[in-house]
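> In order, the protein sequence lines correspond to chains D and R.
Residue 100 in numbering that gives the first Met the number 0 sits at position 101 of the first sequence, and the numbers go up by one each step.
Residue 265 in numbering that gives the first Met the number 0 sits at position 266 of the second sequence, and the numbers go up by one each step.
Simulated from the structure, these hints should not be mistaken for laboratory data.
Warning: the hint list may mix true and false statements.
[Claimed, not checked] Only pairs whose alpha carbons sit at most 27 Å apart, straight line, appear in this in silico DSS-like list of lysine-lysine:
| no. | chain 1 | residue 1 | chain 2 | residue 2 |
| --- | --- | --- | --- | --- |
| 1 | D | K71 | R | K83 |
| 2 | D | K105 | R | K162 |
| 3 | R | K163 | D | K112 |
| 4 | D | K131 | R | K163 |
| 5 | D | K71 | D | K105 |
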Amino acid sequence: MGSFFQIEEMDVVYRDMQVLWDISLRIEAQEIVSLVGSNGAGKSTIVNAISGLVPLIKGTILLEDEPIDGLKPYQIVEKGVVQVPEGRKLFPTMSVSDTLELAAYKGEAKRRKTQNLERIYNLFPILSARKKQVVGTLSGGEQQMLSIARSLMILPRLLMLDEPSLGLAPLIVEEIFNTIREINEIGTTIFLIEQNVYLSLELSDRGYVLSNGRVILEGPSQELSSNEHVKRAYLGV
Amino acid sequence: MFDPSLIVEGVISGLLIGGVYSLLAIGLTIIFGVLGVINFAHGELMMIAMYVTLVISNSFQVQPYFAFFLVLPLLFLFGVFIQKFLIQPVLDAPPDIQVLITLGLSIALQNIALLIWGPNYQSLQVSRNQSVIHFLGYVVSVPRLLAFIGALTVSGLLLVFLKKSNLGKAIRACADNREGALLIGIRVERVFLVTFGIGAACAGVAGVFIMPFFYTSPHIGLTFILISFVVAILGGLGKIEGALVGGLIIGVVESLGGILADESIKQIITFSLFIIILFFKPSGLFGKKLR
Numbered sequence: 000m001g002s003f004f005q006i007e008e009m010d011v012v013y014r015d016m017q018v019l020w021d022i023s024l025r026i027e028a029q030e031i032v033s034l035v036g037s038n039g040a041g042k043s044t045i046v047n048a049i050s051g052l053v054p055l056i057k058g059t060i061l062l063e064d065e066p067i068d069g070l071k072p073y074q075i076v077e078k079g080v081v082q083v084p085e086g087r088k089l090f091p092t093m094s095v096s097d098t099l100e101l102a103a104y105k106g107e108a109k110r111r112k113t114q115n116l117e118r119i120y121n122l123f124p125i126l127s128a129r130k131k132q133v134v135g136t137l138s139g140g141e142q143q144m145l146s147i148a149r150s151l152m153i154l155p156r157l158l159m160l161d162e163p164s165l166g167l168a169p170l171i172v173e174e175i176f177n178t179i180r181e182i183n184e185i186g187t188t189i190f191l192i193e194q195n196v197y198l199s200l201e202l203s204d205r206g207y208v209l210s211n212g213r214v215i216l217e218g219p220s221q222e223l224s225s226n227e228h229v230k231r232a233y234l235g236v
Numbered sequence: 000m001f002d003p004s005l006i007v008e009g010v011i012s013g014l015l016i017g018g019v020y021s022l023l024a025i026g027l028t029i030i031f032g033v034l035g036v037i038n039f040a041h042g043e044l045m046m047i048a049m050y051v052t053l054v055i056s057n058s059f060q061v062q063p064y065f066a067f068f069l070v071l072p073l074l075f076l077f078g079v080f081i082q083k084f085l086i087q088p089v090l091d092a093p094p095d096i097q098v099l100i101t102l103g104l105s106i107a108l109q110n111i112a113l114l115i116w117g118p119n120y121q122s123l124q125v126s127r128n129q130s131v132i133h134f135l136g137y138v139v140s141v142p143r144l145l146a147f148i149g150a151l152t153v154s155g156l157l158l159v160f161l162k163k164s165n166l167g168k169a170i171r172a173c174a175d176n177r178e179g180a181l182l183i184g185i186r187v188e189r190v191f192l193v194t195f196g197i198g199a200a201c202a203g204v205a206g207v208f209i210m211p212f213f214y215t216s217p218h219i220g221l222t223f224i225l226i227s228f229v230v231a232i233l234g235g236l237g238k239i240e241g242a243l244v245g246g247l248i249i250g251v252v253e254s255l256g257g258i259l260a261d262e263s264i265k266q267i268i269t270f271s272l273f274i275i276i277l278f279f280k281p282s283g284l285f286g287k288k289l290r
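My request is simple: use the sequences and hints to build the entire structure.
This is the structure we're talking about:
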């Protein structure tokens, strides 16, 4: 019996260039696992490979011991592996409530839409206040919250957040990270991709450090934050 | 000078034909908005619909409006077919490849029509509905009025469908952000099939409603593709409400141009206005502000 979620020896070529080499990582159920590394290290490509947007040339991705690589993006979403993408990728001309309802348009998510919607409006009161507002008019922080909320409407089992702190004020970032913790506490497994190494190691149970397309370090987050290399390269101490 | 009642009649007649332009351009603009593809074969889709209407009406000696019930599903399926086998394979290719494909399709359809129906202009053989109604003292042609009502009803229903239904919302989501739609589990390729089907069906329905007071020929599509480009760009490419309003504007301007100036130079007026509006609003009436 393997882990809840596993990547084994994955290589990825993107736009005719190999960007990931021999990536192996695992995520246990209920965990928060962070993936840190500098800009351009290949973090987003890992998430996009999991979501089925980028093909693998070697290796496999397993969810509860079943391969999910090779599935179409919508099938991967149906399995409960959902991404909150970098840059949010929202629908600017739609209203907040339409966005949330559209995400829950089929399956179990549809059946539990009403109660889920209520839960999400409790988690993000600001979105409840802006229900009828058009997404393009929301602030950056509100858009990030909506992007997370949109993914939660699908009832994810593994929620992958790609750079949720990007471009946001420190206070908003703290709020978002608190929410991520809350989402985890109610049972969702979290895979957190961040440039903000300090914050994400503080939040997560375990972490992986990615550099130039390879995993160079892994371990419990506390150990990583006290690692000399991590301190020097990412924490600036 | 001009008789003012002539102007009013010009405006009315322009609005009526403008409704058909709107519907045609909505088809063009929805395909562009969602797929990012410019359908150069749009006029030919309308041409095919006009011939189908002609054949049905002439063979069964029925009013052309009956063709609506065949043309709508037929053109929808044709659109789905085009998307599945011609556009989908090149969707990620550079735009010039897609242009070549739709342009090639347009030429192919013209020549197929030439082969089947010959080069001559043809119109309906059933006794033409020439009736008019009098509205506040102005004369209004009934077939044009029916075309206007039909086109606007279909456009209105389409707008409601896009605003309210789940599939409609999914279409809008794909237009707004294709990757975002993929990531929430929308089957984007299916949405694209439906979108091209809807776009083609718009051209088809426009063809049915214009046929009672128009003629068709294998090259008639060229006339209409030009108008629908102007309308769609004027309204803001990808903006359905824009195409709706743009169609009415172009209809009226063209009609008044024919009255105030000579019929043969009316297009100068249409295109001059087009250029002037784009000069002040480069992304179209309903388009986003450009910085």
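> Each hint should be assessed against the structure and marked as holding or not.
To see whether the hints hold, each was checked on the structure:
1. Proximity of K71 (chain D) to K83 (chain R) is assessed by CA-CA distance (about 17 Å); at most 27 Å being required, the pair is judged to hold.
2. For the proposed pair K105 (chain D) and K162 (chain R), the alpha carbon gap of about 18 Å is at most 27 Å, so the pair holds.
3. The hinted pair formed by K163 (chain R) and K112 (chain D) meets the criterion: a straight-line CA distance of about 17 Å does not exceed 27 Å.
4. Between K131 (chain D) and K163 (chain R) the alpha-carbon distance is near 14 Å, which keeps this suggested pair within the 27 Å criterion.
5. Annotation: proposed proximity of K71 (chain D) to K105 (chain D) holds, straight-line Cα distance about 16 Å (limit 27 Å).
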